[in-house]
Amino acid sequence: MLVADRQAGPQARLALLCDPAVCDALAAAEKEFDAPLLSRAAHGNSLTPQGEQVLAWADSVTQEYETLNHDLQLSKKERAVAPLLGRRSVSPKRLCEPGPVPEDVELMLLAALRAPDHGGLHPWRVLEFKPAQRPALAQCFEQEKRRRDPLASEADLRLAREHATRAPHLMAFIVSPRARKKVPVREQWLAAGAALSNLLGAAHQLGFGAIMLSGERCFDQDLLTQLGIASDEFLAGFISMGTVAEAPPPKAHALPGEVWSAWRPAGDLPPQPGLFVQSTASEAAVTSPRLHTQKEQP
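Numbered per the numbering used here, the sequence shown spans residues 1 to 298.
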């Protein structure tokens, strides 16, 4: 306390020294260092040379403590979001049995249902393909491939069939917008995307690899009819899940500075030194150099 207030006025210092707790702390410090730390005089109090040395040491220790505490708090925050930072899409060819059991899938859906959803419309649904139905789905995929490419080779047709049978667990993710004046369709798409993100995140948390793949077959009307997808619904893609047999290769991720900016009204005062300004005729964005760092190498 005395160190922190050494620049205070005489009356403030005098009041501080009258505090019994401060006096006791000062006496204990002088005993610890075996030297007087404060020179008491009629015209005022000041630190002795030994007191100045102790002050410098205390300042250094305080700074080190604050740095360590900051690093510890940051590490705690990083651990809290580690599951999100560690999630990766895993190709079906890198997945193997076992896949998720029904209880796992239910937990994933519960997580999806907790996603932001204006109006609570749940404008999405999932369609699971049980193992016994995979051969029939494979035939549907082959038929779609033939319609799209009448000259498709046998290898291409075999690959189309494998898309229906390779993953240990397979679901279709379907966006089902509702007719609501107060909830625009674009917001419902955002809600569906948030639900999908939660679902994939839950799969990762449960120890499974997962990926959603779309492609041209998602727009084939005959396939949509075969899958029971209504004319006002959209097949967003197919979600493959399973145990990760082979980790995906390293990937360079985008950094926060690539998607972050702080808005500043046009004509406002210039930003603080060290900030880079991007502006147009109507508005300006201020970005922080702290967020613009070199991309990690894969």
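If you are wondering where the hints come from, they were derived from the structure by calculation, not from laboratory data.
By construction, the Cβ of each residue, glycine as well, lies at the ideal position given by its N, Cα and C atoms.
Among the hints, a few may not be true.
What the hints assert, rightly or not - Heads up, simulated DSS-like pairs for lysine-lysine below, C-alpha to C-alpha not over 30 Å straight-line:
| # | residue 1 | residue 2 |
| --- | --- | --- |
| 1 | Lys77 | Lys251 |
| 2 | Lys76 | Lys251 |
| 3 | Lys77 | Lys182 |
| 4 | Lys93 | Lys130 |
Unchecked claim - For each label pair, taking beta carbons as the anchor points, the in silico distance ranges come out as:
| # | residue 1 | residue 2 | range |
| --- | --- | --- | --- |
| 5 | Thr165 | Glu103 | 33 to 43 Å |
| 6 | His122 | Ser75 | 31 to 41 Å |
| 7 | Lys76 | Leu113 | 40 to 50 Å |
| 8 | Tyr65 | Pro36 | 19 to 29 Å |
| 9 | Thr62 | Lys181 | 54 to 64 Å |
| 10 | Trp263 | Ala80 | 19 to 29 Å |
| 11 | Ala194 | Glu52 | 38 to 48 Å |
| 12 | Thr165 | His122 | 22 to 32 Å |
| 13 | Ala82 | Ser39 | 51 to 61 Å |
Results of checking the hints against the structure:
no.	hint	in the structure
1	Lys77 <-> Lys251	23 Å, holds
2	Lys76 <-> Lys251	24 Å, holds
3	Lys77 <-> Lys182	37 Å, violated
4	Lys93 <-> Lys130	19 Å, holds
5	Thr165 <-> Glu103: 33 to 43 Å	24 Å, violated
6	His122 <-> Ser75: 31 to 41 Å	37 Å, holds
7	Lys76 <-> Leu113: 40 to 50 Å	29 Å, violated
8	Tyr65 <-> Pro36: 19 to 29 Å	26 Å, holds
9	Thr62 <-> Lys181: 54 to 64 Å	59 Å, holds
10	Trp263 <-> Ala80: 19 to 29 Å	28 Å, holds
11	Ala194 <-> Glu52: 38 to 48 Å	58 Å, violated
12	Thr165 <-> His122: 22 to 32 Å	30 Å, holds
13	Ala82 <-> Ser39: 51 to 61 Å	53 Å, holds
This entry does not satisfy hints 3, 5, 7 and 11, going by the numbered hints stated previously.
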